[in-house]
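Make a model of the complete structure from these sequences and hints.
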Amino acid sequence: MNDTDRPPDGVDETIVSGLLPLLRKGLPVVPDHVEPRLLDLRGVIVRAADPADPASLATALDGVLRAALARFDDARYAEAARALFGLPPGRPGTTLTARRAAAAAAAGHEVHHFRKRVEPRLVDRLAWMLQQDAEQFGTTRVAAPRLTPAGAPPQLPRDVFAWELTEHEEQLARVWAAIYALRSELLALDRMASMGEGFQEISRQAVTAAWRYGLLRAEAERYRGSYPPGSFGALGDLSVDDVVALAGWVPPLKDEHITKLTRAGADHPDRAAFVAVMRAEVELGNTWSRPWLDHRNENKDH
0 MNDTDRPPDG VDETIVSGLL PLLRKGLPVV PDHVEPRLLD LRGVIVRAAD PADPASLATA
60 LDGVLRAALA RFDDARYAEA ARALFGLPPG RPGTTLTARR AAAAAAAGHE VHHFRKRVEP
120 RLVDRLAWML QQDAEQFGTT RVAAPRLTPA GAPPQLPRDV FAWELTEHEE QLARVWAAIY
180 ALRSELLALD RMASMGEGFQ EISRQAVTAA WRYGLLRAEA ERYRGSYPPG SFGALGDLSV
240 DDVVALAGWV PPLKDEHITK LTRAGADHPD RAAFVAVMRA EVELGNTWSR PWLDHRNENK
300 DH
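Reminder that position 6 of the sequence shown reads as 5 in numbering that gives the first Met the number 0, one-by-one numbering, no gaps.
Please note: incorrect hints may appear among the correct ones.
[As the list claims (entries may be wrong)] The calculated label-pair distances, taken between Cβ atoms and stated as ranges, are:
| no. | residue 1 | residue 2 | range |
| --- | --- | --- | --- |
| 1 | T94 | T258 | 50 to 56 Å |
| 2 | D49 | G92 | 22 to 28 Å |
| 3 | A161 | P227 | 40 to 46 Å |
I should point out that these hints are in silico values taken from the structure, not numbers from a laboratory.
Virtual Cβ for every residue (Gly too), placed ideally from N, Cα, C.
Now the structure itself:
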């Protein structure tokens, strides 16, 4: 990013203005200091444990921001962007002046120049990333079913409709279980790459994430086969791609690679069998693993 570079046309200025109070305070996000516009982003709503609870939305926004800053799409200023919001090499709980100084140092600029010429571009870029994240979810708001402690064994009536409802809940639970299973592996992969762990360890974790990706796509396709958009169902008009995106970011893949991973997930739910059948897919494996291995190498160099 040169000093005069800007995000692509169309960045939502309400997101930019919503980020400014967060810039002054830094992360973590505090519910009392966040603009409602940011809590209304679809990428925040779908990740909130309880979309009706402002504190839950604030926690989800905090996670979305941290993920965006971790993957800030301009390597030249990635560390500066993170420092500006209180992530390493900056420090949480410090003043904007201190965070700005750390960000300017990370960018190799004098503080005044950074504040005037670079900082606004970084905020714009982050707003653009939040906007892109929100747009990938379409217009449907979907959240995981809320769970409550069971106090007694369920007593289902001998009724076809009750059985159909329970069968739907069963399939939906399998989809959400697969979403969270992939999400946990992606989070582990992000953490390992950020910590600069070994090549073999990250490669092995990437394979586990690919396995969970295949399982999720297969489960989502089964659900969509039974409950297509517009029918009885709880996922609205979300496509299989939309459902997978709920788990987190994955590398862009060719259609043929997506098909292979999905078929392997459907036919081989066991990790060892999945790995055996996918072992020959060298190009696919490299495409999948490369972003995290590159991130690891960047962190090893610092």
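Here is what the structure says about each hint:
1. T94 - T258: 50 to 56 Å: Holds: the Cβ-Cβ distance is about 52 Å, inside 50 to 56 Å.
2. D49 - G92: 22 to 28 Å: At roughly 27 Å between Cβ atoms, G92 and D49 fall inside 22 to 28 Å, so the hint holds.
3. A161 - P227: 40 to 46 Å: violated, 22 Å
The earlier numbered hint that this structure contradicts is number 3, and it is the only one.
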